[in-house]
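Chains as they are written, first to last, in my numbering: chain A, 88 to 293; chain B, 88 to 293; chain C, 88 to 293; chain D, 88 to 293.
Check each hint, because a few of them may be wrong.
Put simply, identical chains are the same to the list, so a pair is met inside one copy or across any two.
As the list claims (entries may be wrong) - Subject to a maximum C-alpha distance of 20 Å in a straight line, what follows is the list of computed SDA-like cross-link-like pairs (lysine to any residue):
| id | residue 1 | residue 2 |
| --- | --- | --- |
| 1 | Lys177 | Phe165 |
| 2 | Lys208 | Glu166 |
| 3 | Lys177 | Gln210 |
| 4 | Lys208 | Ser97 |
| 5 | Lys208 | Thr104 |
| 6 | Lys177 | Asp117 |
| 7 | Lys208 | Glu193 |
| 8 | Lys177 | Gln247 |
| 9 | Lys177 | Pro134 |
| 10 | Lys177 | Glu166 |
| 11 | Lys177 | Glu193 |
What the hints contain is simulated information worked out from the structure, not anything from laboratory work.
Protein chains: 4
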Amino acid sequence: METLMIHHPSPMPPLRTSRWFNTPEPITLDSLRGRVVVVHAFQMLCPGCVAHGLPQAVRLREAFPEDQLAVIGLHTVFEHHEVMGAEALKAFIHEYRLSFPIGVDEADPNQPLPRTMATWKLQGTPSLVVLDRQGRLRLKHFGRLDDLPLGAMLGQLLEQPIAPETFVDEDRDGAGTCTGGTCGALNPWQGCRDKPFDLPAGRYLG
Amino acid sequence: METLMIHHPSPMPPLRTSRWFNTPEPITLDSLRGRVVVVHAFQMLCPGCVAHGLPQAVRLREAFPEDQLAVIGLHTVFEHHEVMGAEALKAFIHEYRLSFPIGVDEADPNQPLPRTMATWKLQGTPSLVVLDRQGRLRLKHFGRLDDLPLGAMLGQLLEQPIAPETFVDEDRDGAGTCTGGTCGALNPWQGCRDKPFDLPAGRYLG
Amino acid sequence: METLMIHHPSPMPPLRTSRWFNTPEPITLDSLRGRVVVVHAFQMLCPGCVAHGLPQAVRLREAFPEDQLAVIGLHTVFEHHEVMGAEALKAFIHEYRLSFPIGVDEADPNQPLPRTMATWKLQGTPSLVVLDRQGRLRLKHFGRLDDLPLGAMLGQLLEQPIAPETFVDEDRDGAGTCTGGTCGALNPWQGCRDKPFDLPAGRYLG
Amino acid sequence: METLMIHHPSPMPPLRTSRWFNTPEPITLDSLRGRVVVVHAFQMLCPGCVAHGLPQAVRLREAFPEDQLAVIGLHTVFEHHEVMGAEALKAFIHEYRLSFPIGVDEADPNQPLPRTMATWKLQGTPSLVVLDRQGRLRLKHFGRLDDLPLGAMLGQLLEQPIAPETFVDEDRDGAGTCTGGTCGALNPWQGCRDKPFDLPAGRYLG
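Can you build the whole structure from these sequences, using the hints too?
Have a look at this one:
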């Protein structure tokens, strides 16, 4: 069944973070293996994140059990760095009563984009990144995504068994074609990353 | 994985309808076998249906492909019968621009509840009924249900293969216990029908 | 001060109704003299009325005291007459828990528009008609109007004294020019009736 | 006519600000004399301000003409001072595209409350302060206020002439009784400050 999901899931570069909130110790993607993972990349001064992305992350945390779905915030500051530091984020988290783990994407002194955001090739904030139980990339979405298609995708991933051999990562060599489109990209991760923008809002391709 | 779903799915009594809109011929549950089915039971003068249920049905129709998910409206009139007849419904469907198939639940001259509503033991409107690809009952929910847990449940059902032998209908004899609770009902269909009310709003039990 | 209001208020033709709900006896505009009056013209099967107009009428009723502001519903059926009769409306009023007086605009056997709607030259539903304490037309608005400019207009009218001589109805002869525009109409009631559509949504001209 | 308004309007202590945005020069209350004034006191990390207060301020700016109604933001930081400085506010104003003048309430090294907030005895953020054309306090409201009663109050104030002698400031000595209640306070400004909380949400007392 076709979906919003990337069909030739890719291995995911690790998180690179400088600080964490709401967790006793730093979180790694490896430590989340076996659970479906939603990473909500945001900036505290991004209106779309505050109005839509973060409330959706809160709903995700409330709607799914923690041992099945991990919800992680990632503060990917790529502008106004001087006023969105860790202390400002700490106050923001406190005022907005956010309770899920939130990591600070590690700043890169040589460019405005922080390291995870750059490595993951995120287009902006808010962005949703979804990994399957094997820790592989299944969705990368910039902008608003409706609850219905997002819920459908997560339900689908939650139903899939944790069986590494089930998935053949055919596209690691970049020779595959992009699911549901004619992007013809060498690497589906790159080639498909804009795919959700061509869909009607929140369309679940099934 | 536990969910909002009824875990010991039951066979579903057939639809009993007197008229259909938006479909060239009457729809039967048998004809939908192989697709996941959402039946939205409503009344045109029910505020909760107009404000929440029907817009959600429209979103469902837009978010999922028709060959995977069937969205059916069912006009279950159990009050004000004289002003919610088929002609009134026809005008309502036209004004609200509803495009999915809508059946009129067959009136019973001996009681206010129409026949499908009575046989399916629906508690009121709006009600959501979800059937799996085998046509068996997986959710019966009275009142509002959030998009996220509904989407998750549908994604999960869509991911399940159409393999009748996958599910053992252990509870056909009514001896099973209710999923995720201690309802101890003889028949999970009856015993669990109120279960969603005990949950936090839209909680997806996973 | 200029406003959304018609500045050369016109005398208003009487209501022509065939039935009333939520009032012990029929209401006439004359009987409301001394209060500011909001008439919400609607149809029970009009989505915009159900989603926006009627909830706003309920808010108006809650926000202002009855002895200062009268809120009246007017069921102006101009389509689907056979399924929006008085009995259907009665069920609708009951289900939506509407508590303010609602009159049924008198049907005209010779044309689809009911008599008040035709005489008042309403363009459709929902429409808001506002009269000042002297019973004169001050606003006629088709479609959605935001709470802020509507509240501002009502506050302004409520502040104006009930002194007939304060207003010189200069335009009874139709020679005036239209407020805030260059409509140059002979009769400001006609010439200005479309004016709100040229404004930014809910713009209060002050 | 009674309203949400303070009926024995008080002279208002001046704004004490350390910096302004969106205005070529600092704004004083005296310079706004002749216009009705809405001051929206907020903090950039206050969720209620971001979700309700500031969007309402934007709607106010759009709905009323500037020469009649002045809309002023006041950044009253009383917590997390170190991360809500002027530079952080500047980024916030940029990201949220706020276009009306915003002043920074002057910090007081001896206490957390900034000077204007303390002098005006504001209870928290968001707070709405409304002054009439004479520059006198007519409303001080902590928390959310619906558009309809706010619009009504502003319409009423806009309709009142700029005639200082119209109002006798009887309560300057604090001997008056509180409007619409039995607060019996010495000073209606103090005694009434909590009054809006006793009202049904957004009730316009008229």
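Hint check results:
1. Lys177 / Phe165: both (18 Å within a copy, 16 Å between copies)
2. Lys208 / Glu166: Close inside one copy (16 Å), not across copies (36 Å); limit 20 Å.
3. Lys177 / Gln210: neither (24 Å within a copy, 24 Å between copies)
4. Lys208 / Ser97: So Lys208 and Ser97 pass the 20 Å test inside one copy only (13 Å; across, 47 Å).
5. Lys208 / Thr104: within (16 Å within a copy, 43 Å between copies)
6. Lys177 / Asp117: neither (25 Å within a copy, 39 Å between copies)
7. Lys208 / Glu193: Result: close within a single copy only, 14 Å intra versus 42 Å inter.
8. Lys177 / Gln247: neither (36 Å within a copy, 42 Å between copies)
9. Lys177 / Pro134: both (18 Å within a copy, 14 Å between copies)
10. Lys177 / Glu166: Close inside one copy (18 Å) and across copies (13 Å); limit 20 Å.
11. Lys177 / Glu193: within (16 Å within a copy, 24 Å between copies)
The structure shown violates the earlier hints numbered 3, 6, 8.
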